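Let the sequences and hints guide you as you build the complete structure.
2 protein chains.
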Amino acid sequence: MTTGTRRRMGVEERRQQLIGVALELFSNRSPDEVSIDEIAAAAGISRPLVYHYFPGKTSLYEAALRRAAEDLAQRFDEPSEGPLGARLQRVMGRFFDFVDEHGPGFSALMRGGPAQSVSGDPASSSAATALIDSVRQAAYEQIVSHLDLVAVPPRLELVVRSWVSLAESTALLWLDGRRTERAALELQLVHDFGALVAVAGAYDEEIAGVVRRILAQEPPDGPFTDLAERLLALLPAEAGTEVPAQAAPVE
Amino acid sequence: MTTGTRRRMGVEERRQQLIGVALELFSNRSPDEVSIDEIAAAAGISRPLVYHYFPGKTSLYEAALRRAAEDLAQRFDEPSEGPLGARLQRVMGRFFDFVDEHGPGFSALMRGGPAQSVSGDPASSSAATALIDSVRQAAYEQIVSHLDLVAVPPRLELVVRSWVSLAESTALLWLDGRRTERAALELQLVHDFGALVAVAGAYDEEIAGVVRRILAQEPPDGPFTDLAERLLALLPAEAGTEVPAQAAPVE
Chain X
1 MTTGTRRRMG
11 VEERRQQLIG
21 VALELFSNRS
31 PDEVSIDEIA
41 AAAGISRPLV
51 YHYFPGKTSL
61 YEAALRRAAE
71 DLAQRFDEPS
81 EGPLGARLQR
91 VMGRFFDFVD
101 EHGPGFSALM
111 RGGPAQSVSG
121 DPASSSAATA
131 LIDSVRQAAY
141 EQIVSHLDLV
151 AVPPRLELVV
161 RSWVSLAEST
171 ALLWLDGRRT
181 ERAALELQLV
191 HDFGALVAVA
201 GAYDEEIAGV
211 VRRILAQEPP
221 DGPFTDLAER
231 LLALLPAEAG
241 TEVPAQAAPV
251 E
Chain P
1 MTTGTRRRMG
11 VEERRQQLIG
21 VALELFSNRS
31 PDEVSIDEIA
41 AAAGISRPLV
51 YHYFPGKTSL
61 YEAALRRAAE
71 DLAQRFDEPS
81 EGPLGARLQR
91 VMGRFFDFVD
101 EHGPGFSALM
111 RGGPAQSVSG
121 DPASSSAATA
131 LIDSVRQAAY
141 EQIVSHLDLV
151 AVPPRLELVV
161 RSWVSLAEST
171 ALLWLDGRRT
181 ERAALELQLV
191 HDFGALVAVA
201 GAYDEEIAGV
211 VRRILAQEPP
221 DGPFTDLAER
231 LLALLPAEAG
241 TEVPAQAAPV
251 E
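Heads up: the sequence lines are chains X and P, in that order.
Residue 173 in the numbering used here is what sits at position 173 of the first sequence, and the numbering runs on without skipping anything.
Residue 100 in the numbering used here is what sits at position 100 of the second sequence, and the numbering runs on without skipping anything.
Everything labelled a hint here was simulated from the structure, so no lab data went into it.
None of the values given here were measured: they were computed from a predicted structure.
Even glycine gets a Cβ: it sits at the ideal position worked out from N, Cα and C.
One should not assume that every hint holds.
Claimed, not checked - Residues from chain P that face chain X, not an exhaustive set, calculated with beta carbons under 7 Å:
hint: 1; residue: L158
hint: 2; residue: T170
hint: 3; residue: L173
hint: 4; residue: A195
hint: 5; residue: L235
Next comes the structure, spelled out in structure tokens:
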């Protein structure tokens, strides 16, 4: 941060600085609790100068939200290299980094609570809804791209989109008290992805093919291999009364 | 409906009738698109008489939301009898009945879109958020009660709460185009419940005990037994390179 230097900034540079300062404040408190005076003080400039760059708090809040949305969407970017389990672990690590950095703001925004909009301004509420949707869409497209499918079966699309929302809600529940270790939740969400796709694959031959391909590319110490082994250990003794012929024999 | 009879109703009876009429209208369009005139016409009374019972559209919308929330919470009520899979199937059937009946209103409300509040009235927005939370809490308590636990491990609490949100988001995605058969989604959510609890059980001995107990009580044709068998058929061939000693042998 260069807020202390008071050097002369260009217009765009100053705008970006104000957005960054505002985002940090809005990340920790609801928009109604953050004043333009406070933003000006944190940026080291006068209140009138803030208004020179932004017509009001609503537009500054929206710009901060937009930056946060772009940032969050980028956390889902992951090169298509290596086993899927490890890719998803890296994505979940970056996702929880974001959630951690913007905790109260993320929570208030996603819960549609008072911080979703600047009071009395419904336009800012629908702008926020549109931004949330754009992040969900970006996350969905990123994740689904790792499955290397020409066409995504509707049921798999639904599974991946529901998993994105599961990641959101798990993060929100985590923020509410942080009673579970963050690393355990990141791994659990990776496992949940595998489990939800496997459930769909249990009833759809095309998705079953996706599951087999994912598992074939996992290393022995990868999260999906480990989960599959543990589930096998957990399930057979009870469920094996009528195992289909192609399955492993059960004693 | 007795709207055509124009007989004289008592105050409470008339209020309840207006709430019912309003709920039906708000279920299909956003509050801003529904006028008091329309509610009056649908109820077969005059506009001034509507205002005699409700000070304005916001209070009528809130009363309709409250009734919908109570109705939705009740759909999660299920006697603690019989195997868990069948109980959850009945709950999901009633949940999707509700979603089906109130489609556009449910969608707009849960997405925090324009229908979440009457425009320009932030108080109605936070009342809606509180109602949504109360339904989620009721659904969580109902579902978790079927697990017969004296104390719920934090990780299992998180799994059940995330599953409730998964049911919400799956329903919302279904409403958006209805490209997947409803019955398949109801069953998928029951399976998802089993899979998410099993994933947690794979890494937590106490939850593993819950999973074993659930499976032991399932009939051979129950949804969890069927899923377990299909997952076994899907997984072993790929994952069985390092199966722990206590698991079933793999050829």
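Each hint tested on the structure:
| no. | hint | in the structure |
| --- | --- | --- |
| 1 | L158 | holds, 5 Å |
| 2 | T170 | holds, 5 Å |
| 3 | L173 | holds, 5 Å |
| 4 | A195 | holds, 4 Å |
| 5 | L235 | holds, 5 Å |
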